[in-house]
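Engineer: Now for the letters of each chain:
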Amino acid sequence: MSKVFLALQAIEESRAIIEAIIKDNPDVEVENQTAMTKVSAEGKLVINAPTVSDLIGREWDPQELQLVLITLAGNVDEDYDHFTIYWDN
Amino acid sequence: MTMNTQKRKKRLNMKDKYKHMTRLGWDTTYQDMDDVFPKDKFEGIVIHDWEGWEDPFRMTMDSYWKYQGEKDKKLYAIIDAFAQNNGQKNITDARYVSALKLFLTGVSPLEYQAHRGFADIARNFRGDGPRVACQMQAIDELRHVQTQVHTLSHYNKYFNGFSEFAHWHDRVWYLSVPKSFFDDARTAGPFEFMIAIGFSFEYVLTNLLFVPFMSGAAFNGDMATVTFGFSAQSDEARHMTLGLQAIKFLLEQDPANVPIVQGWIDKWTWRGYKVLGLVSMMMDYMLPESPQSWKEAWELYFEENTIALFKDLERYGITVPDCAATVSAEKDHLSHQIWMTFYTHAAAAPFHTWLPDEKKMDWLSEKYPDTFDKYYRPVYEHWGKLEKEGKRYYSEMLPQLCQTCQIPMLYTEVEAGKPTQIAHRQTKFNSERFHFCSDHCKDIFENEPEKYVQSWLPVHQIFQGNCGGSTLPEVLKWYKVEFGQDNLDYVGSPDQKMWKEWKGEE
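In the order they appear, the protein sequences are chains A and B. Quick note, our numbering runs 1 ahead of the 1-based positions in the first sequence. Quick note, our numbering runs 13 ahead of the 1-based positions in the second sequence.
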């Protein structure tokens, strides 16, 4: 199994997203680097829109991730209620 | 009541919305489709069903404009704040600005080339899914070059070495390396361009370009550059996904595509790596404070991530590019050999050079324990001694350039265990001899000699009398590089004088 990761800008809008990732992906690894936060996991990582929405108190659209994403590794699967990144191997 | 239990607004499923908003093409009847799309068959790529294309981000134009508009608003707020607060005075050291000069002259014009290239393939693919995705990327790339030029224009008010970036990109010797890389891609067919830029550059190598520049900027107090970098990078995640989608699409369409695609991956990973040599030097030598060495970045972003990527592509019969072993062998040497070349040819480059100080050399020893003290520190110490004696060493010779990558023949036989022996390959084509820096560049030439015999090699052009004359002052005039202002060492430059005045050191 290979690692997938997302790197997000270290800014306010990313906080709830990272919190939601930690909540829904128990084995996730979070690294704070210069100006960015890297979140990685074995094989698969999911952001559930309802979890983020709960944290920020408004509806969150997974496409809002576009505003804070720096880079990623893995295949993307996105719909209105989730953003998933995964490897097929 | 939490948002969870609230009923989410009902809307069209994203997959359906994407389909309705992107499948806008039709089969032409007045003209034959092959006449309307004349470029998407000659490369030998077979596409049975363009409908097989899907963008995993499912980005549609309405969302695209909305999010891009928000990104630009955020970026401009910070650019304005940087200018209003004299941010240029808060960087770690004015040496850092040379890294920005390298970026604006060597990287930003490539964003424009990418814009042109993606606009062209958006016109030339006959499937409407990839056409829409490529059109968005073309607009992104235009945004990148504009925001980069705009952000760095603030530095141009104070520092030398920015003003003629577009002119320099077309003429100055080392800038022919990035320029010819994109010229090569843009003169290929649309599928090769997609694999060259969309996959090999954007997916495999882009992290090594942007993340080091941006974390370098953050480490050195350059808020404006961090922001334009991350704003561009937020588009990059979409580009990477497009590149990965493109390669899978080609591989799934027909087994005959596999060997063609593998050849392009091999070629373009190597071509891209050669361009990134400039980044290695920037990371290890030009940043006063370095967050990460080239070697560390290579190990993290290539060796670790790319292995995962190629494991995913294994099922199609795709393997790790054949140059990976060479690149890994060279990671302990690359940045040192390149910075030494610029140090000795600093009279002809529009940014400043310097010798690494003791602190930097200790950092380099720590990051490169197997090579720095053994091969490179002694050379810097020797040059330092010459500087103290007032005999600063400049090479007066023009170097032989590699016919493929156009880099001076500065690389050594690292893979063969002879790191002090210059690597040199040659071949004959139509009874003319051509020279190369490596087996990989020679292989690329031999595969398409008719293309690479046309290379515009700066040194050859100078000797042929096409660059204003054969002496340094004549060539610099033709470059529009001001001697003693844009070039030479940082120490003694007008940039240094101004910095010292700002810091009250003079």
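Think of the hints as simulated: they come from the structure by calculation, not from any bench. One should not assume that every hint holds.
Within a straight-line C-alpha distance of at most 30 Å, the following computed DSSO-like cross-link-like pairs (lysine-lysine) qualify [to be verified]:
id, chain 1, residue 1, chain 2, residue 2
1, B, 401, B, 261
2, A, 45, B, 28
3, A, 39, B, 431
4, A, 39, B, 398
5, A, 45, B, 30
6, A, 45, B, 261
7, B, 372, B, 324
8, B, 324, A, 45
9, B, 464, A, 24
10, B, 102, B, 86
11, B, 401, A, 24
12, B, 54, B, 464
13, B, 102, B, 30
Engineer: It remains to establish, for every hint, whether it holds in the given structure.
Structural biologist: Cross-check of the supplied hints:
With a C-alpha separation of about 58 Å, the suggested pairing of residue 401(B) with residue 261(B) is violated against the 30 Å cut-off. Distance restraint check for residue 45(A) and residue 28(B): the Cα-Cα separation of roughly 21 Å lies within the 30 Å cut-off, and the hinted pair is therefore satisfied. Proximity of residue 39(A) to residue 431(B) is assessed by CA-CA distance (about 38 Å); at most 30 Å being required, the pair is judged violated. Distance restraint check for residue 39(A) and residue 398(B): the Cα-Cα separation of roughly 44 Å exceeds the 30 Å cut-off, and the hinted pair is therefore not satisfied.
About 26 Å separates the Cα atoms of residue 45(A) and residue 30(B), which keeps this hinted pair within 30 Å; it holds. Proposed proximity of residue 45(A) and residue 261(B) is supported: the alpha carbons are some 19 Å apart, at most 30 Å. Between the alpha carbons of residue 372(B) and residue 324(B) the distance comes to roughly 41 Å, so the proposed pair goes past 30 Å and is violated. Under the criterion of a C-alpha separation no larger than 30 Å, the hint pairing residue 324(B) with residue 45(A) is consistent with the structure, at around 15 Å.
Restraint check for residue 464(B) and residue 24(A): not satisfied, since their Cα atoms lie roughly 54 Å apart, outside the 30 Å limit. Taking the CA atoms of residue 102(B) and residue 86(B), the gap is about 24 Å. The hint holds against a cut of 30 Å. Only pairs whose Cα atoms come within 30 Å are accepted, and residue 401(B) paired with residue 24(A) is rejected, the gap being roughly 60 Å. Proximity of residue 54(B) to residue 464(B) is assessed by CA-CA distance (about 19 Å); at most 30 Å being required, the pair is judged to hold.
As the CA atoms of residue 102(B) and residue 30(B) are separated by approximately 49 Å, the hinted pair breaks the 30 Å bound.
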